[in-house]
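Asks: The residues making up each chain are set out below.
Number of protein chains: 2
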Amino acid sequence: MAATERRNFGIYGPGDLFQLLRDGRPRTRAELVEATGLARTTVASRIDALLASGLIGPAGEAASSGGRPPARFVFRAESRLILAADVGGGHAKVALADLGGNILARHAESRRVSDGPELMLGWIIETALALLSEIGRREDELSAVGIGLPGPVEFSSGRPNNPPIMPGWDGFDVPGWFATRWPVPVLVDNDVNVMALGEVYEHWHESQDVLFIKMATGIGAGVICSGRLERGSEGISGDIGHVKVAGDEIECRCGNRGCLEAVAAGPALAAGLRAAGHEAVRTSADVVDLAASGDLAAIHALRQAGRDVGEVLAMCVNLLNPSVVVFGGALARAGDQLLAGAREVVYRRSQPLATRRLRIEPSRAGADAGILGASRLAIDHLLSPQVIEDDIAAGQPAG
Amino acid sequence: MAATERRNFGIYGPGDLFQLLRDGRPRTRAELVEATGLARTTVASRIDALLASGLIGPAGEAASSGGRPPARFVFRAESRLILAADVGGGHAKVALADLGGNILARHAESRRVSDGPELMLGWIIETALALLSEIGRREDELSAVGIGLPGPVEFSSGRPNNPPIMPGWDGFDVPGWFATRWPVPVLVDNDVNVMALGEVYEHWHESQDVLFIKMATGIGAGVICSGRLERGSEGISGDIGHVKVAGDEIECRCGNRGCLEAVAAGPALAAGLRAAGHEAVRTSADVVDLAASGDLAAIHALRQAGRDVGEVLAMCVNLLNPSVVVFGGALARAGDQLLAGAREVVYRRSQPLATRRLRIEPSRAGADAGILGASRLAIDHLLSPQVIEDDIAAGQPAG
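So the sequences go chain by chain: A and B.
Under the working numbering, read the first sequence as residues 73 to 471, first letter to last.
Under the working numbering, read the second sequence as residues 73 to 471, first letter to last.
By construction, these hints were calculated from the structure, which means they are not laboratory data.
The structure presented is a predicted model; accordingly, all values stated were derived computationally and were not measured.
Beta carbons are placed, not taken as given, at the ideal position from N, Cα and C, and that holds for glycine.
Treat the hints with care, since some could be wrong.
[What the hints assert, rightly or not] Under 7 Å between C-beta atoms, here's a sample of chain B residues computed to sit facing chain A:
| no. | residue |
| --- | --- |
| 1 | I207 |
| 2 | S305 |
| 3 | E306 |
| 4 | I312 |
| 5 | A426 |
[Said to hold, decoys possible] Covered, in the sense of this in silico footprint (three residues per stretch, anywhere, with C-beta under 8 Å from a C-beta of chain A), are these stretches of chain B:
| no. | region |
| --- | --- |
| 6 | 386 to 396 |
| 7 | 402 to 413 |
Just chain A, same shape as in the assembly (with noise of 0.2 Å):
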């Protein structure tokens, strides 16, 4: 019973005194016992366990009145790494981080997605073994992995939800396939919510309420409400690409008509230039190369496309009142150009309360943001105080 009973409340045992360490900054025996009102003699066990988990380590001396100074106890990041992937439509990277989310090496190369799980995930096995004889370090001292893939993922299970661009990868056991080469906690979210993560844990921790915007091959919002991402009851919120915008005269390849992809996605945005007589354009890349060049058509096309997911946003602000609305993906990296389109209907169209201090701003992660979110979403995991008890539990009797 106490078990159970502790964590529906909150509370925890050797990883809740963790949760205090995780800052960083070492602390003694004592000031852990009046910072959590826990007994001397429980603090003691659980640093033990600690300790022999390797999460913390001594930290040189604390300042004392007089005899042998008490040990001080520090969070090591170093002691786990942790396996980044980020997988796209057309590319992959994957890196190995340690527990702070430094990211220690990575490796990226066009891969497709629609090759079928089998092949992606056993590339990135390949790869992290790569990077690990890199660096220097051990397979075994990998212990959790975290994936980004472009489609929806039942979060709680790891396998993909009916994506629309990933022959062979619907109801696919991601973590059951990992399991059977490493025993270790697999995390599986799609991409934007994994971008979304990377970008805000890395570059916006003050701010509590977050849109994280992805346009490139398709449109995708991450949403973070009071600094926690909202994944909604099936875990497929962020959904605006389909949100109508325009006429019925555009098919989107949703079935429906009108969609926001249709119009303002990186293939609509190519196909329009392909018949203005750009032939090469293809990708979201080329777009954004093309306005750069100071062609007036992609710069005209990149700022309705904003203009475009601007009608969509100016309706997420007025409903969730956001304090940053941040755009990554391939499309974004043209900046101005786009966000100008934004920021026009935006500041328009939403209420001026929701709007009056509302930044509207390019990713800073930029093409790292999915392997720093896939990182996060492992760490955050791993460290956890449930899985740390539950870890402690399993190597040894419990504190």
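Please build the complex by placing chain B on the supplied structure of chain A, with the hints as guidance.
Replies: For chain B alone, coordinates are given in the frame of chain A:
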């Protein structure tokens, strides 16, 4: 240092123990030691502090292996009184509740919020005193006040924030005004948030992601994500009434054109019905009554209002992926006509994954949603670990 640091990490003193007892189940000291991991002496002193505060009391005897049975302690919901007020544009309701949220007495009458804050708040206090006398309780038993107001409110300060239909209220210090009469916490929020809280707490507690839509003189939403009311960075989330759904020929009182409120709220429907010959139709209630009498124009107007709000709702459903959308407010009493229009558009426009288990339902709390939510606002504050700890520390040496 310690108290602040504890709070930053969600670790408290006596208030923490109390969160376990809040479920109403009696527990012994030994059970509380087991459940919290706190030292026996700490549990004993915290129990003493909570007993002295009256928030818990003895609860009969537990089974024991022999000798004198150990004492058990239980939450006393009756130990404090809450004043809840639900202020609308043309009506107001005052209630007294216990700490379990049970309404002990209530009174409603026609009152104009446009008469200004001093008249309205003075009337709330007079009414509260009359209700106290009605149930034979004392003024000093009132421990917190919760108020819902029909406009934007800065929740942290309890001040209305540029409310459009509340002359004299802009920036008015509602908690400060009360403090000169009753030195108790006063929580103020907008009426839609308050109704959403009341509705969800009483009737949808198994749902973590809920959208509450109020349709009456205005149209607004209460956003519940992961079980928590999300107010946004300026406290004005849920402002869906001014999303554009119609052409520029329709003016809205907000200064924009084509807003949802300008075509689908009570005044717009009543004006349309007056133009069609129903000259006596003024309010949302008049529209609903006319439809209930079988008038086809009124039924069509409600159905179309449902479709109009459905256009906005379809986008909210894609963005937030709620499990339930609840319709409340005077227009929502029309029930099926309105909901059928909304369902029609949401099921057509939202993504299949977002609607496969979505429920769109009428309010269950009905006219009581406001007072239930206002009392919940006050109770959740009063029984939060931090407030309990502060209360106990102020009243006696802390445990």
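Asks: Let's test the interface hint: is any C-beta of chain A closer than 7 Å to that of I312 (chain B)?
Replies: holds, 6 Å
Asks: Would the hint on S305 (chain B) be counted as holding, given a Cβ-Cβ threshold of 7 Å to chain A?
Replies: holds, 4 Å
Asks: Let's test the interface hint: is any C-beta of chain A closer than 7 Å to that of E306 (chain B)?
Replies: At 6 Å from the nearest chain A Cβ, E306 (chain B) passes the 7 Å test, so the hint holds.
Asks: How does the region 402 to 413 of chain B fare against chain A when you require at least three residues with a CB closer than 8 Å, holds or violated?
Replies: violated (count 0)
Asks: With chain A as the partner, please determine if A426 (chain B) meets the hint condition of a C-beta pair closer than 7 Å.
Replies: Check passed: Cβ of A426 (chain B) comes within 6 Å of chain A, closer than 7 Å.
Asks: Taking a Cβ-to-Cβ distance below 8 Å as contact, does the region 386 to 396 of chain B have at least three residues touching chain A?
Replies: Since three or more residues must qualify, the claim that chain A covers the region 386 to 396 of chain B holds, with 9 doing so at under 8 Å.
Asks: Taking the least C-beta to C-beta distance, is I207 (chain B) closer than 7 Å to chain A?
Replies: violated, 33 Å
In the structure shown, a violation is registered for the earlier hints numbered 1, 7, in ascending order.
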